[in-house]
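*Asks:* Single-letter residue listing:
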Amino acid sequence: MPVPPALAGYLASRMLRRETYEHVRGLRFADAGHGYDPFGLHPAFVAMGLGLTRFFYEKYFRVISSGAEHIPDSGGAILAGNHSGTIPVDGMMLWTDVVRQSDPPRVPRAVADYFVPMLPVIGTLFARGGVVAGSRGNVRQLLDAGNLMMIFPEGVPGIGKNFRDRYKLRPFRVGHAELAIRHRVPVIPVGIIGPEEQMPQIARIEGFNMFGVPYIPITLSPLPLPVRYHIHYGPPIPLHKDYRRNQADDPDVVAEAASRVQAAVQKLIDDGLKQRQGVFR
Amino acid sequence: MSSVLVTGASSTIGERLIRSLLDNTSIDHVLAVGFEPFERALPFAQSNRLTYVQVDMARSRQIRGLLFGPARDLGVETIFHTALVDNAGGTGKRVHKINVESTRQILELAERHPTIRKLVYRSFAEVYQIQADLPALIEEDHRLNLASGAPQWIRDRVEADLTVCAAMGLSRLRIVVLRCAEVLAQGCGSQLFDYLESPICLRPGGYNPMINVLSVPDLVKAMELAHSSTVQGVFNIPGKDILPLSTSILKWGRMGLPVPSNWLTPIYAWRRKTRGHDFRFGMNRRRFTYSGILDGTRAKKVLGYTPDTGIDWPLPISEAWGPGWKG
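Chains A and B, in that order, are what the protein sequence lines are. Sequential numbering of the first sequence, starting at 13, is according to the numbering used here. Sequential numbering of the second sequence, starting at 29, is according to the numbering used here.
The set of hints was computed from the structure by calculation and includes no laboratory data. Do not take every clue at face value.
What the hints assert, rightly or not - Derived, one-sided and incomplete: chain A residues facing chain B with beta-carbon distance under 10 angstroms: (1) 17; (2) 47; (3) 48; (4) 51; (5) 126; (6) 140; (7) 149; (8) 154.
As the list claims (entries may be wrong) - If you anchor each label on the Cβ, the simulated ranges turn out as follows: (9) B:177 to A:257: 28 to 34 angstroms; (10) A:78 to B:259: 32 to 38 angstroms; (11) B:288 to A:215: 31 to 37 angstroms; (12) B:175 to A:34: 45 to 51 angstroms; (13) B:175 to A:116: 40 to 46 angstroms; (14) B:285 to A:67: 29 to 35 angstroms.
The C-beta atom is built at its ideal place from N, Cα and C for all residues, glycine as well.
Hey, can you work out the whole structure from these sequences and the hints?
*Replies:* And the structure:
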């Protein structure tokens, strides 16, 4: 049976602290008429999602974030962060952090690989929380509607990198920069410290294609370790001001813009690593 | 003042369109064309501005006779072409003639017709491909469903749509193609309507895609806007209701039961054979798994179309099952 929104809202009210619950009730979204947006997001499920992630956010990974004031109150923007950790817990923690820290609350629309909507149950739950499949059309439409997008430009190679390559960014794909220039939105760089050590990957089995999952990772730990997450938001990179819209078609310009974003994320990571007192602290 | 021709007059949509056109005083005369005898097709219609002609759209001679007979005599300027075989099980040459060849012939004949200037063609959202790696919000340049294994119901619709689109800009006709969301009403060939006829609606477990359904009044409004507009092009016509499949089942007063997806094709095949229903799960597998909502931005900008009449859902869902969230 599907979870009715009222039940999701009730569960959220039981799982969240009063102030967090009241905070998330201020969420604004484009209701298509039946309480859902056209992509399937429902605010009650966002609240329930916050409830479900609360333990991990507050107790397990003990997330500390800084620079959330850089998240714009309204209008389109792209959050571009580093991606790591073997399983995408970093995406979940960033999503939670943005909803909690932004005021008024905003739901970052995470762009998932296309296999995510193919996953039974998970695909639907993610859609209710605002996740969309990573097609160009979806992102374009959401940006045009003034949404906050959450993109990991490293893609799967970022999350699947070996432990010895931790905190070395994989080459950024350029799609996010092209979108920012074309749709006139800023890019907010995000450095996430912690997930690289949560589930050290030592090998992987390729050729596993059920539901489009690209591989099975072999890790030192069967479950994520309780590392501490540090999320650092950097000042917006005004690609929309530095480049003209028609430059979105110029591969050199787009590559340069993407490398600026990558450099900004790398700097947030490097600074964050210097400040960090230990993997678990 | 202008005269119009409506094919598919004996269908629910044709009938409602004709009613609306008769209410429009700027329309001089309505030439209604249907397969059924007049008494069964349009029993309501008593107007000296209406002429009904019984035509078999599978017969090219009859179409020729229609266009260069009554249509020319009445000075028809616009054709609303809605005639199609609704039954998803309909296959074969005759069905293809009605679905595709009649459209091709109308285009050809209208090219040298003395009075016809415009064709409004009702197409379908089903011409679009729905899959996980394609946008969930479908624009007009979305990938079409050209799968070789698609049933004739789909292939005919895609072929007819492409036939009309191919003439656009090259013909002296102004052509408007309206790719309409599924009309959730009886007698409209709606697969979803047939699906919701069962007290228990089985759906693929683990998936709950967003669907979009259109009401008959909104479809009629879109067709009239296309008639009054001076532009030509392809336009998505979404409906007002965008909701998860599970919610539509509940709002229809049915019980939804998730089951493994690969059980559904044989179960619904058995239902067709034993109960005479028309719903085919294989034909709807993708849209019962992944979201596919028509983006009506172009229709809004160019035609001024916005959906404003929702489906008359049998059950107002209580707060426990409805949005249940007041932000």
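*Asks:* Could you work out which earlier hints the structure fails to respect and list their numbers in ascending sequence?
*Replies:* 9, 10
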